[in-house]
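**Student:** If you want the building blocks of each chain, they are given just below.
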Amino acid sequence: MHVLIVEDERIIAQRLRRLLGDLAGSEITHIDVAPTLAEAQSLLGATPPDVVFLDLNLHGDDGFDLLRDVVAGAFHTVVVSAHTERALEAFEVGVLDFVPKPFGKDRLALTLDRLRGARAAHPAATLAVRSPGRIELVPIADIAHVHAADSYAELVLRDGSVRVHAKSLERLLVLLPPSFVQIHRAYLVRLNDIVQLRVRPGSRYSAVLASGAEFPVGRTRVDALRQRLGL
Amino acid sequence: MATEVRYQYGDDPRWAASDWDDTEWARTPVLALPDSAGLMWVRFVLDVPETETLGLSVSGAVARDVFWDGILLGSAGRVGSSPETEVPGPMDVDLRVPDSLASTGSHLVALRVSSFQRPEAANGLLLHVIAGEYGVLLREPLYSIALPLVFLGAFVLIALYHGLLFAADRRWASLLTGMLCFAMALLLVAEGWRIVFGYPYDWHMLRLRIIETLTWATGVLLVATLAALFAVPRRRAFVLGLGVLLAVVLLVSGPHEVGTFVVFTLAIAISLGLAAWAIWHRKSGARLAFSGVAVCLVALVVARGDFMEAALFPAFGVLLAGLLANLGLQSRRQHQRHVATLATKARLEAELLRKHLHPHFLMNALTSIIEWVETDPPQGAKALEALSSELRMLADVADQTVISMGHELALCRAHLDVMAYRKGNAFVLEAAGVDMAAPIPPAVIHTLVENAITHNAYPEGLVTFVLREERTAAHRALTFEAPLAWASPAIRPERGGLRYVRARLDECAPGRWSLVSGPDSGPDSGSNSGSDSGLWVTRIQLPLDLPLEPAR
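Same order as they appear, the protein sequences are chains D and P.
Heads up, the first sequence is in the working numbering, so the first residue is 2 and it goes up one at a time.
Heads up, the second sequence is in the working numbering, so the first residue is 4 and it goes up one at a time.
The hints are all genuine.
Derived BS3-like pairs (lysine-lysine); straight-line CA-CA distance at most 30 Å:
| # | chain 1 | residue 1 | chain 2 | residue 2 |
| --- | --- | --- | --- | --- |
| 1 | P | 286 | P | 348 |
| 2 | D | 106 | P | 385 |
| 3 | D | 106 | P | 358 |
| 4 | P | 358 | P | 348 |
| 5 | P | 358 | P | 385 |
Calculated directly from the structure, the hints in this document are not laboratory data.
Looking at chain D on its own, in the form it has when it is part of the complex:
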């Protein structure tokens, strides 16, 4: 796991580095620290991290405008901030976790659990999607299903239009509400949209959605899906 810490307080950055090393030393391959946004951006360009620990008040700036830009990236974002009153706001745009200052080892262990595949502490209300020149906030309610496309994800909206998100399908699943299920290596759909589990020749399964669309269901995921559907 490659970690980037964006924090202008040297001792706090040092604390994050030390605690993460203690908790997940074997998983973490590399930890970078950037005290300014300019340095963070140049590091993001060089080697994309898996997760960014971000202090939102760098050098007296209110970093919430910047947060939308950060969460549109391929990596997970964990906000580390003294401003607990703005945690919900951060979750709504799709951060994995919000660690309030001051924090201890136990709290960071929880963050690492979430990173390892559990759900985010709060599901996102919107997903920030980067398109040339701007960031679009796509409401989760508008998303019909999600397809994998290389290392990216295609968000298919209810109106049929498509947005490309930089995050992988697995990382998006962590941020989305529990109503989204992964039925296949390459597909996330809404559980409530599934109207039928169809059996195909050769013990293959597919899910039929209310819209009439049909998606393959991975062999290893059939049992779990049956259970969720109550079949």
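On the provided structure of chain D, position chain P as indicated by the hints.
**Tutor:** Showing chain P alone in chain D's frame:
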């Protein structure tokens, strides 16, 4: 009194007789008697109304014997043929005509007069003779002076009040209002003196000069007071010029009545102009001043012929009412200012304390301290002590208007200690040559230090801030220099921190401070501003006479 009189130089007791043939004597309107100091006789016929007790009031700047149908009624002073033999008597005498002589109809009045003691020629001999009810003649002048005497008391009180006010607030407007009321009070005394106390006729011209001078002073002070009240630009030169102009007008405008009327009317007209200017510039109290002065001007113009007696006192009354109303307004404004000052003080105190209980400061500090506690417990304890020490100092100074520079620098160094534990830098504040006893509003330098650390991304190592002090005759300039290492390339606009500094400076020295803040890359690279090297310089100028409250 008869409008035409006959007069003759010389002296002959027979000229008192009612049947003396004066047809060869010179004739003249009573106001045009020659300006001669010599001994002369004046004769005229007086029609006497029906009275119970006949009296004769004879006024004039002359020594005189008064004859009624050839019989001597009385004298004022002793008439003489030379300055040595003449004794000046009172200006005004009221004589009783014996009932046996007081029949209705025409009577001959003969006056034997001399005026050797008059210092300069006035308009004629200033003779004034009235016949009437003796009691009424005695009392009437007192009625006319009663109201002005009431005003006199009021003016003296208001003058005293403004004198005390000036001792407390040192405002020109207070001093000038006090002087204006005092000049008006003196003018009333000078006007009333003749009626209340009387004086020998040779004092008359002196009194008139005093009245003229006081009228001039009242006019100039009225304009000066309004100019100071409304903070008219270049008012010193304006008032000085007006003073000279009114003095010249007074000297060239002839008779006493005309001079005082013109001077006073001019001053009132100019005051009206000033009040109009103040209304145009939305000064508080301007409308009140305008209406007061306007009523005063109308009263003057309407009563023009009888200025001193009829118009002066009502006009003063209106001015007095205006001044009193203005006093009321002022004290209300002062109260409002006082309340606003208290509110500002409370707001600044809350702002300073809130900033340090704000999560960004407190939680970041605590996170760093926990790291120290876990990795190096003795250092952790010291970090906690540093934070406690800064918070305690802030709580101590937050409610003060000024503290000593020594106290302020201790606060700065407490903050630098805390920040050293957070940032991992060594911070130094140099303040060689700074007067430690001099006053400064609390947390002003502290805020500059805080801003510098917040907005810069200093690399590891030593960071040195410098505070310098220079003094001129009237000012103290504090220069704070912070090394530049901007976190982002854009120069930052002024933030909350400097707003706090400005508010604090304005609280302790309203309008008498200045603050300039900007990059300074050194003397030889002035154009290189905004780069990530060089200095950020903040320069604060304070007056030397800041009051230093005792530090608690």
